[in-house]
Amino acid sequence: MKKMKALFGIGAVAVAGFFMVAADHIDAPAVQGGTSDITDFYAFQGQNTDNVVFVANVQGLLSPTATADATFDENVLIEFNIDTTGDYVENLVIQAIPRDGKMYFFGPTNPTNVGLNSSIETAGAKSMVDITPYGSQAISKTSNGLKIFAGPRDDPFFMDFAQYGEILAGNATGFNNPGSDTFAGTNVMSIVVEVPKTMLGGSGTINTWVESKRKQ
Amino acid sequence: MKTLLNIKNIVAVLLISGLAFNCSNDDDMNSASPMPSEPDFSGIYAQQDQIGRPAVNTVFVSPSGKDMFNVTPPSQQNAAFQSMFQTNLMALSPAYANPGDTNALGLDAATFTGLLATDVLNLSLDGTTTFYDGTNVLTGRALADDVITVELLLIFGGEDFSENPNLSNDNVDANDKPFSASFPYLASAW
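The listed protein sequences derive, respectively, from chains A and B.
Everything in the first sequence is counted per the numbering used here, starting at 1 for the first residue and increasing by one.
Everything in the second sequence is counted per the numbering used here, starting at 1 for the first residue and increasing by one.
Any given hint might turn out to be false.
Taking lysine-lysine and the BS3-like style, the derived pairs with C-alpha atoms no more than 25 Å apart in a straight line are [to be verified]:
| hint | chain 1 | residue 1 | chain 2 | residue 2 |
| --- | --- | --- | --- | --- |
| 1 | A | Lys215 | B | Lys66 |
| 2 | B | Lys177 | A | Lys141 |
| 3 | A | Lys126 | A | Lys215 |
| 4 | A | Lys102 | A | Lys215 |
| 5 | A | Lys141 | A | Lys126 |
The set of hints was computed from the structure by calculation and includes no laboratory data.
Isolated chain B (complex conformation):
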């Protein structure tokens, strides 16, 4: 019985000191140590660079237009750049100048560059996401997608990917480190 009382007393003392400790903690918070201030997020941020699909500015915009392309909102890019894209595509791959000539997606020079001039990346929320996997077209861009070969094929490969075989595949088909199946997906730095 006496032991039990002692335990009760000890518990009571511990509780009281715990409360006292908390109180003194609160006091400290209110007076001596102010909360760390919120970082400064104020101000206006002005656009410098943008990208939707890979290589579009690289391949289709003339040198004098590259900075302007980066600060033209996608909703205005077609009107401002489609004509330039078509000229540059036909200079690169003259077969596009032949009447009726298309790439393997069935797009002629005007239609293909009309698609590309609005530089956004389409993203499907309903399944496979890939730049091009032989079946799905422009439903996203996965890390392992060989986007350069796809673009070379669409520029140089003709109606069935058979034209200009030396130009339509760079023969680098994969990354130099394997990707992870789980977040954050990208490989660790070298």
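Next up, chain A with everything else stripped away, as it sits in the complex:
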């Protein structure tokens, strides 16, 4: 979804250039197409309804060929932020960072620092799982109550992005029916973590978001 940043609010003149970018990635200029470029975030109840699942996808629009060579960046921390008190400040984080073919997870734990700069919370519960290679069965692991996965997956996002561009460009007045999924056949690098609700307060509504952070 964030691939389509800049979708609205831009003039028709910009649309042609916008589309060339779309074949590569669409995002804010600083992260567009890079290893810290988040494409999507999902949060939902698990198959075991005592759990919730967080999904962070990065590095969107990977062709199958590109996926075989894609890796997580050891300098990029993916941090799931959880606010259980309603002030939009994280009081729990789950961090994921790759090292030598494994994805390490820390937390959920109370972060030492909130906001834009983080250190890795090595005092929190540590879990790790082998990063699933392209073409292999998903490798998942249960550790410290978490279920964890990291590796390439089909991009779960779907939209007729191309027709949308035609509408913005003034070449069409509406969507087609049926539409065409611009993201069909493309992959992302995915991090999935399933967490017992009891670790996140147990009941009520929480606020969640995901961040990518690069080592300085």
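Position chain B relative to chain A; hints supplied.
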């Protein structure tokens, strides 16, 4: 009897050699082969990107603000971006400028953009988790949720989802591969 003694001896020998083997193993651990070192987790990691709800930065932030939006903590986003969101929403969907105009959630331009400017994804720990399923609103985001059509409907669809039908549904309603009911839920890569 003699056979039994032999068996005892054999067992004793096996036990002793087992102990000896363990001892020599311990010796090796202490001297010749050090434990693999812990990966380096030191350092400061500075924010580059963030997302709560789908498409918010995409749709509502002006091009010059997109990087800044990604490095503004959610607790500060409303103050910094709500006004920009409202301007862009009303440019996209001019009906919002009419007095009293709302979307199907009953939110006018100021209220709708006030909700969206703080870009977090609400998650219910008490049951159904969906972006919008006709009944539940913003209780999570499931993989199969047609979030684009929901957002198009809320932007263009008017009070009852009937306005601008050509713009309020992209007619792509599902993913190109089925999701799994079990972990890790996402489909295998192409």
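Now the hints, each set against the structure:
1. The suggested pairing of A:Lys215 with B:Lys66 holds, with an alpha-carbon distance near 21 Å, which does not exceed 25 Å.
2. For a cut-off of 25 Å, the pair hint linking B:Lys177 to A:Lys141 stands: about 24 Å separates their Cα positions.
3. Using a Cα cut-off of 25 Å, the hinted pair A:Lys126 and A:Lys215 holds, with the two alpha carbons roughly 19 Å apart.
4. Only pairs whose Cα atoms come within 25 Å are accepted, and A:Lys102 paired with A:Lys215 is accepted, the gap being roughly 18 Å.
5. The hinted pair formed by A:Lys141 and A:Lys126 meets the criterion: a straight-line CA distance of about 12 Å does not exceed 25 Å.
This entry satisfies every hint, going by the numbered hints stated previously.
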